[in-house]
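Chemist: Sequence:
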Amino acid sequence: MFLFLYRIYSNTIGKKDIFSRSVRFFLRSFLNIFIPLVYKITVFSYTTKSDFIVSLTTFPKRIDKIWIVIESILRQTLPPKRIILTLSKLQFPHPENLPKKLIEFEKKGFIEIIWTDDDLRSHKKYYYAMQKYPKDIIITVDDDFIYASTMLEELYKFHLIYPNSIVTNLALLRNGLNYNNWQNLFFKSMPPTTNIMQFGGSGVLYPPESLHSDAFNKLLIQKYCPLADDIWLNAMALKKGTLIAKTDYSIYLIPLIFKDDQPLFKENVNDNKNNEQINALEDLYGPLFNVDKSLSINKGI
Numbered sequence: 001m002f003l004f005l006y007r008i009y010s011n012t013i014g015k016k017d018i019f020s021r022s023v024r025f026f027l028r029s030f031l032n033i034f035i036p037l038v039y040k041i042t043v044f045s046y047t048t049k050s051d052f053i054v055s056l057t058t059f060p061k062r063i064d065k066i067w068i069v070i071e072s073i074l075r076q077t078l079p080p081k082r083i084i085l086t087l088s089k090l091q092f093p094h095p096e097n098l099p100k101k102l103i104e105f106e107k108k109g110f111i112e113i114i115w116t117d118d119d120l121r122s123h124k125k126y127y128y129a130m131q132k133y134p135k136d137i138i139i140t141v142d143d144d145f146i147y148a149s150t151m152l153e154e155l156y157k158f159h160l161i162y163p164n165s166i167v168t169n170l171a172l173l174r175n176g177l178n179y180n181n182w183q184n185l186f187f188k189s190m191p192p193t194t195n196i197m198q199f200g201g202s203g204v205l206y207p208p209e210s211l212h213s214d215a216f217n218k219l220l221i222q223k224y225c226p227l228a229d230d231i232w233l234n235a236m237a238l239k240k241g242t243l244i245a246k247t248d249y250s251i252y253l254i255p256l257i258f259k260d261d262q263p264l265f266k267e268n269v270n271d272n273k274n275n276e277q278i279n280a281l282e283d284l285y286g287p288l289f290n291v292d293k294s295l296s297i298n299k300g301i
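Residues in the sequence shown are numbered consecutively from 1, following UniProt numbering.
For the record, the hints were derived by calculation from the structure and aren't laboratory data.
Possibly wrong hints are sitting among the right ones.
As the list claims (entries may be wrong) - Now the in silico label distances, taken between C-beta atoms and shown as ranges:
| hint | residue 1 | residue 2 | range |
| --- | --- | --- | --- |
| 1 | I113 | G241 | 30 to 36 Å |
| 2 | K259 | L3 | 15 to 21 Å |
| 3 | K259 | R7 | 26 to 32 Å |
| 4 | W115 | T42 | 26 to 32 Å |
| 5 | N272 | Q183 | 16 to 22 Å |
| 6 | S250 | I41 | 40 to 46 Å |
| 7 | L219 | R7 | 43 to 49 Å |
| 8 | E153 | R28 | 22 to 28 Å |
| 9 | I18 | K40 | 29 to 35 Å |
| 10 | I13 | N180 | 14 to 20 Å |
| 11 | P93 | K40 | 27 to 33 Å |
Each residue gets a CB set at the ideal place from its N, CA and C atoms; glycine is no exception.
Using the sequences and the hints, build the whole thing.
Modeler: Printed below as a string of structure tokens:
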């Protein structure tokens, strides 16, 4: 039933008429109540034969609902072999005060919590997991979406086709250095290319050693791209020479609803932070984000 409602929601994406906006609002509100309720009253069996890790992070304003995100990952048709949640001791100085559901997940071995002494903000979702498990496939997800049950399976299916490429469910087609001009590809597939930027929230699969070593340089992150992990990881893939493929996954993300929450992407877009960080990376590394006209947008490479 959830997939059916996800599909209805997805069919309204990109449409601005009042009916589509009303459908999105209703389904988003309904699923934010109904899915957690179903999770609480039903039992699931967590077994997997997969070879990838899912990694995410969160902060205090969202900690009470992170269990919903994690359970949506545990209930996947192809669940991961491990889920890593990275938390900062600066934000959570008393681990014993974490939500009971989260502590229960850790005790059951459903998740591994990595504790850090610093706070790299959204970069925590990949930074520590990739360094602890450098030979593993890492899939990053965000802390503010309820994931449809087929999300990971779709990513992995494309990984089997393009094993040396980063694979993403959502992406932007870059167009110059102005982030606001980059085009959301929504449900269009894209063979491996250097012309797109992956969206971390949609689920992004990183093969081992697919990023340049600068990806793990804290000083560079904090100086040049502290607020935009997607842009940073895109730059690190481009610098490494790793291509990015996009799936044709037709199910869009259902956002979790938080009270008084300010998503990072709104801060980056509204305050022009994305463009500032793109320009800073161009100054550091030279031309990175221009579209390669020699690669066909429709046919890939």
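Chemist: Taking the hints in turn, state whether each one holds.
Modeler: Taking the hints in turn, this is what the structure says about them:
1. I113 to G241: 30 to 36 Å: This hint holds: roughly 34 Å between Cβ atoms.
2. K259 to L3: 15 to 21 Å: 28 Å, violated
3. K259 to R7: 26 to 32 Å: For K259 and R7 the Cβ distance comes to about 28 Å; the hint holds.
4. W115 to T42: 26 to 32 Å: Between W115 and T42, where Cβ atoms are some 31 Å apart, the hint holds.
5. N272 to Q183: 16 to 22 Å: 18 Å, holds
6. S250 to I41: 40 to 46 Å: Cβ of S250 to Cβ of I41: about 29 Å, so the range 40 to 46 Å is violated.
7. L219 to R7: 43 to 49 Å: Between L219 and R7, where Cβ atoms are some 45 Å apart, the hint holds.
8. E153 to R28: 22 to 28 Å: 23 Å, holds
9. I18 to K40: 29 to 35 Å: Holds, at about 34 Å.
10. I13 to N180: 14 to 20 Å: 19 Å, holds
11. P93 to K40: 27 to 33 Å: Between P93 and K40, where Cβ atoms are some 28 Å apart, the hint holds.
Of the numbered hints listed earlier, those contradicted by the structure are 2, 6.
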